[in-house]
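Peer 1: In case you want the letters, here they are:
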Amino acid sequence: MRRGAFSKGFIYLLLIAGGILMLLPFVWMISTSLKAPNQVMTLPPIWLPHPIEWSNYLHAWHTAPFARYLFNSIFVAALSTLGVLLTTILAAYAFSQINFYGRDVVFSILLGTMMVPGEILLIPNFVTLVKLGWIDHYEALTVPWMASVFAIFLLRQFFLSIPKELSYAAKMDGCSDFKYLWLIMVPISKPALITIALLQVIGSWNSFLWPLIVTNSMTMRTMPVGLMAFSSEAGTEYNLLMVAATMVILPMIILFIILQKYIIEGVTRAGIKG
Amino acid sequence: MIERRTWKKTLRALLYLAPALALIIVFDVYPIIKSFLISFYTRYNYFTDVVYARGIDNYLSIFNDPEFWLSLRNTAIFVLGVVPASICLSLAVAVLLNQKIRFRGLLRTIYFIPFVTSVVAVSVVWRWIFHSQYGLLNAALGLVGISSIHWLTDPNWAMPALIILAIWKGLGYNIVIFLAGLQNIDSNYYRAARIDGASPWQRFIHITVPMLSGTTLFVSIIAMINAFKVFDEIYALFNGYPGPVNSAETVVYYIYNKFYVQNQYGIASAASYVLFLIIFVLTLIQLKVGGQKKERTRSKKLATGGGR
Amino acid sequence: MKLTLNQLTLRFSDVTAVDHLSCTVNDGEFVSLLGPSGCGKSSTLFMLAGLYQPTEGELFFDDTKVNTVEPEHREIGMVFQNYALYPHMSVRKNIMFPLKMKKVSRKEANARAVEIAELVKIESLLERKPAQLSGGQQQRVAIARALVKHPKLLLLDEPLSNLDARLRINMRAEIKRIQRQVGITTIFVTHDQEEALSISDRILLMNQGRFQQFDHPQDVYLHPTNRFVAEFLGNPPINLLPVNFSEGTARLVQSDKQANSYLGVRPEHLAVVNDGANALRGRSESIESVGRDHVLTVAIQNQKVRILIDADQPIKAGDMVYVRPKPDRAYLFDNEGNTITAQWNGGLTDD
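The listed protein sequences correspond, in order, to chains Z, L and S.
Just so we're aligned: 108 in the UniProt record's numbering is position 108 of the first sequence, and the numbers increase by one with no gaps anywhere.
Just so we're aligned: 12 in the UniProt record's numbering is position 12 of the second sequence, and the numbers increase by one with no gaps anywhere.
Just so we're aligned: 196 in the UniProt record's numbering is position 196 of the third sequence, and the numbers increase by one with no gaps anywhere.
The set of hints was computed from the structure by calculation and includes no laboratory data.
Note that beta-carbon positions come from the ideal geometry of N, C-alpha and C, so glycine has one too.
Treat the hints with care, as some may be off.
Quick list of the computed label-pair ranges, beta carbon to beta carbon [said to hold, decoys possible]:
| id | chain 1 | residue 1 | chain 2 | residue 2 | range |
| --- | --- | --- | --- | --- | --- |
| 1 | Z | I135 | S | V69 | 54 to 60 Å |
| 2 | Z | S108 | S | V295 | 44 to 50 Å |
| 3 | Z | A78 | L | N98 | 52 to 58 Å |
| 4 | S | E75 | L | Y190 | 58 to 64 Å |
| 5 | Z | W61 | L | G240 | 21 to 27 Å |
| 6 | Z | I135 | L | L282 | 30 to 36 Å |
| 7 | L | A53 | Z | K179 | 54 to 60 Å |
Can you build the whole structure from these sequences, using the hints too?
Peer 2: As structure tokens, this is what we get:
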């Protein structure tokens, strides 16, 4: 028994030490973001800033158009998520409820596209967007991301788990197929839809290479792109840089902590689209 | 089920599929093909989409480009540095988390947090941690008597810095997948092994590792694919440059550079197809080797009368 | 509403699920579709519902042919084996759903939902979600939802098979009560003969997609039209003895090969008697008591028969006994399983 208690203590020690290592960069980030300039570059490092410089946030906010970046990020995430939910619900319905010619072939091709690394798509998509005149417009940031094979796959699996009798019952009750989808299947699938929405929001919020390439002007930048631009300007003002990083990182951490059940579920279900 | 296929149903399905299919065809399927074609365009005006000449020159030129070979070499070092270490660490954490301990959910959450954060933003944070003079890491190393390392400016240390960041960032994802795999192992195996007098380590080696081989295969493939595609970290860690004297230039950075900075679309496409091919072949090899290993453990289990 | 099936047939690519089925169900009648699994009873029900389209034949509701009428326009209510309640809606919303689809005003829909909830005795559960209900309660909700739009036909697809034994008997009576009260024509699919025998006005027996018999419960039990019906009904099952039937007398034979027909007698229609006239001689093997019944097994040559006997009958294992069928309660079937209608004078011998 004593040996068990000892090894259990050891497990806790390892896990907590690891946990601290995982969190330390965030703690350090927030700590630095609240420091007066003379406390940033010190040896040994100062952990608790004194005084706490909340004004760093205002300062950074005014030095670069973060309000605009924030709006863009939220707007783009919201729009692409709505788009994904809509296209996914419709497509998953077709794949799970309608027996049509070529269904399995089309579905296999879609799954196949998941294997191809996104970098291959970059150049032709850029050319397409140039031709559509969408470069440096919100369309470029949202429309290409409004369909997700992974999301369709996830929701199709969920739809398939709904008993067929439910659709028969709805039919008896005088409910059309289209109404059945929106009044019955969609509400039942709320957990899967939340998972899909969250993964989409996180993916959209964090994406960098794509918005970097399809936007040119400052007014179209999203938070990560804005952060990198700010990083070139702010240079070594690490307290301000950490303010900017905090603004990019913290919203997703909060979102994750509130709704982690859905995110972990989605991630374990089939892995994130890489 | 027993419901028949009809053209009417096919038409109806197409209506439902139209929005998703249109987007996927335009932005996923077409680019896969187009990218392949572009890689053979040697003279090409992307704006008018006029091709003046085709050939394999793009492929020849990247294979004759020492920078491409350097990026391949760097990518390989990165993959080898990240994937095995990340898998071992995450498996260890997952096994520990899978014990009957308190705060399991909280700990899992903590380990997962880096995964949901922006790569660019955490890379900026790590740039500060790696700071050669006032960085947290060097301060910590100083405590144990190691003199400061120029993580981001010394070509020998740029890649290790990148690897540390990547392991930290991706650990939580692997842990969650491993935990799901561990929970699928029937606890009766452990009870039986305990009755047979197997030590915790023996139980890990003889039950956990073989029963988890499918999950490990999945995790290693995903980790490898993601490692091959590293870009955002480099861009942010070295502030838009691929490290001191290109010491952290990877293949995707090379592609980005050829495409976006130098506007050499054909070469960039050729490089991206080479990358795809490498990932594809390595995935196949992993599947094959992993499959054989599974086969072996299965026959071993059969021989000892175990297995489900 | 009167229901007429005329040569109704349903074929899937290579299987004939329902094969030229014809019958007429009267207004207000409670009819069970009974048969082993895969006999086509559910397929028949789904055709009545409009969920499957018949390949051949005609289906009439009163005098209207409804072959191609969509389910939602047939004015039917249906209850499924797994109840198929909408899990995200309260009981009240579930019951109101069909009315909402018909664009009945909220107020009226609510009033009708409450009324029907009282009929099925779930008025206190209206705000619950289906997951918070027991199986029997879910069953009642499903019936309420099926009845709330005042359909002309009620279809029940194995509604009791997910309930435990005791509840099943309660719900059986409840379904019967509700059906009587509403007076609706009802088709009830089941594979449980006891259920069908106790609940129905008439039973339609099916096997391998084909019509077997359509009659009142007592009649299908006591006057089976063929060997399948005789064998399918009854517990313990009917005794079947290979016999040679000629000139009004059935003679027991050793094997199926020598038999030109089979004699079927239910265990309760065999009696142990003292004389050998028109009786078979055998040795008592065992007596087992199944609840209040006592089942005596008798070996007659190489055949075994089971007999229901009174508890006080003084028979021990090993006794030699004579066994005689009750008059009019023994059936002769030919090798194809059809009932031999030729006059049988009860003559029976075992040598």
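Peer 1: In this structure, is the beta-carbon distance linking L/A53 and Z/K179 contained in 54 to 60 Å?
Peer 2: At roughly 57 Å between Cβ atoms, Z/K179 and L/A53 fall inside 54 to 60 Å, so the hint holds.
Peer 1: Range first: 30 to 36 Å. Now tell me if the beta carbons of Z/I135 and L/L282 are that far apart.
Peer 2: Between Z/I135 and L/L282, where Cβ atoms are some 34 Å apart, the hint holds.
Peer 1: Is 58 to 64 Å right for how far apart the beta carbons of S/E75 and L/Y190 are?
Peer 2: Once the Cβ atoms are compared, 59 Å apart, the range 58 to 64 Å for L/Y190 and S/E75 holds.
Peer 1: Taking 54 to 60 Å as the hint, is the beta-carbon distance of Z/I135 and S/V69 inside that range?
Peer 2: Given range 54 to 60 Å: holds, Cβ gap about 55 Å.
Peer 1: With 21 to 27 Å as the target window, see if Z/W61 and L/G240 comply at their CB atoms.
Peer 2: holds, 23 Å
Peer 1: Return holds or violated for the Cβ distance of Z/S108 and S/V295 against the range 44 to 50 Å.
Peer 2: Since Z/S108 and S/V295 have Cβ atoms about 59 Å apart, the given range 44 to 50 Å is violated.
Peer 1: When you take the CB atoms of Z/A78 and L/N98, is the distance between them in 52 to 58 Å?
Peer 2: The hinted range 52 to 58 Å is violated for Z/A78 and L/N98, with Cβ atoms some 37 Å apart.
Checked against the numbered hints above, the structure breaks hints 2, 3 and satisfies the rest.
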